[in-house]
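4 protein chains.
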Amino acid sequence: MKKQADTLDALRAQLSTFARARDWDQFHNPKNLAMALAGEAGEVLDHFRWLTFEQAGHLTPETRAEVALECADVLLFLLRLCDKLDIDLAAAARKKMAINARRYPVSKSRGKATKWSKLGRDG
Amino acid sequence: MKKQADTLDALRAQLSTFARARDWDQFHNPKNLAMALAGEAGEVLDHFRWLTFEQAGHLTPETRAEVALECADVLLFLLRLCDKLDIDLAAAARKKMAINARRYPVSKSRGKATKWSKLGRDG
Amino acid sequence: MKKQADTLDALRAQLSTFARARDWDQFHNPKNLAMALAGEAGEVLDHFRWLTFEQAGHLTPETRAEVALECADVLLFLLRLCDKLDIDLAAAARKKMAINARRYPVSKSRGKATKWSKLGRDG
Amino acid sequence: MKKQADTLDALRAQLSTFARARDWDQFHNPKNLAMALAGEAGEVLDHFRWLTFEQAGHLTPETRAEVALECADVLLFLLRLCDKLDIDLAAAARKKMAINARRYPVSKSRGKATKWSKLGRDG
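Line by line, the protein sequences give chains A, B, C and D. Numbering of the first sequence is given in the working numbering, commencing with residue 161 and proceeding in unit increments. Numbering of the second sequence is given in the working numbering, commencing with residue 161 and proceeding in unit increments. Numbering of the third sequence is given in the working numbering, commencing with residue 161 and proceeding in unit increments. Numbering of the fourth sequence is given in the working numbering, commencing with residue 161 and proceeding in unit increments.
These are calculated hints, taken from the structure and not from any lab test. One thing to keep in mind: the hints can contain errors.
Intra- or inter-copy, both count: the list cannot distinguish identical chains.
[Claimed, not checked] In silico DSS-like links for lysine-lysine, alpha-carbon gap of 27 angstroms or less:
hint : residue 1 : residue 2
1    : 278       : 255
2    : 244       : 256
3    : 278       : 268
4    : 268       : 255
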């Protein structure tokens, strides 16, 4: 049981139970959850707004703890959204990683931040 | 191995290997990753922009598949961000769920979307 | 003077003066300003997260006043960003409206929320 | 007439006419418009995701033109949102600038990106 504690599906199930106990499914329409997700991502962003790269790479312990909880919020709403849409998030992640592996072959993308659609098709 | 495939830590490790192989750590400063996270959350949002609640709850298979991959992008950047900040995302999620359980006792929050800071402290 | 008070250029100039007086141009790199813009848009979003369409169309005076100030923040950072990029926002807006008029002819888009790229080319 | 072309109110009125001609008011609920606003701000953000400060300050002409149109989208949806909420955006902007002037006196905020709520009250 404890070993499973960080699986996405275990978290998804806990969140579902939490919402049901509070009769919150009425609010958890996918549209609302997509808004909550974007709002929380915006809160993560806010912490980095005025930081240099150096500062962003060396957060104070206080800021780092705040960012950790904002990241948690993003994950929790992401899992709720996927649950409501009957999307298997882990499967989607594996699928996207396979797509990325095809889109960004090491030979073409090494050391470049170029978007796949603008990477040369040849050589 | 296969049974672990949906743990957050397994995904985190895969992403780290993927980035290292492409020499992408130079781009993956937390500031940039926070921007990528918010940008991808915005793309999830875009799919729901003009939908009614009814439509959002019954996506076409095509839209649902697109949303699944956008959700995957959110997760992948979230894991990269946490990796770079040395944040244990699963632990942060558990911590936040414990905080939410305290902030939103069933007795006070049942059937209400009220933010915890505006829930009455008493009865 | 007073008649010009709501022109975008007058606001842009005031913001520039405000920032210069505080020696803030060092923080106002376009990258940072884009982050601030998205963060503030996220704060607007937060107000609508759990609302029904009916509630969103009839905000309480208190919420409406808060949303007004969040909208102001979006505008202020948008103007700073454009100023730093030497973009004439009013001209860009007129250009975009002309593009929209071509993309969304009344005959094809009347009563439809369909994105232009998915509107039929014919009929 | 032409001299007024960059006032916020003139743009607001044009957008209202544009939407009415297409029978789009049915889609332009404030909730949807807040989502559109955040989505467009996310698109602005996307252009800066992997850029250094140096690159962000010297966009290529092509990227700059794209960013200008994304900024226009942000403004257009912001104006639609305010119109639907009966918010005078120019007045809100002036009000927020007055608040900022009080929150960030030059003596305390010069050369600092510190948020007002964390600026010392004394000194």
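Homo-oligomer pair classification [residue 256, residue 244; C-alpha up to 27 angstroms]: This pair counts as both: shortest intra-copy Cα distance 20 angstroms, inter-copy 20 angstroms.
Check residue 278 against residue 255 for me: Cα-Cα at most 27 angstroms, and say if that holds within a copy, between copies, both or neither. both (21 angstroms within a copy, 26 angstroms between copies)
Checking an output row: residue 268 and residue 255, CA cutoff 27 angstroms. Within, between, both or neither? Classified as within; 21 angstroms inside a copy, 36 angstroms across copies.
With identical chains, the pair residue 278 and residue 268 could be close in the same copy or across copies; at 27 angstroms between alpha carbons, which is it: within, between, both, or neither? Classified as within; 11 angstroms inside a copy, 32 angstroms across copies.
In summary, this structure violates none of the numbered hints.
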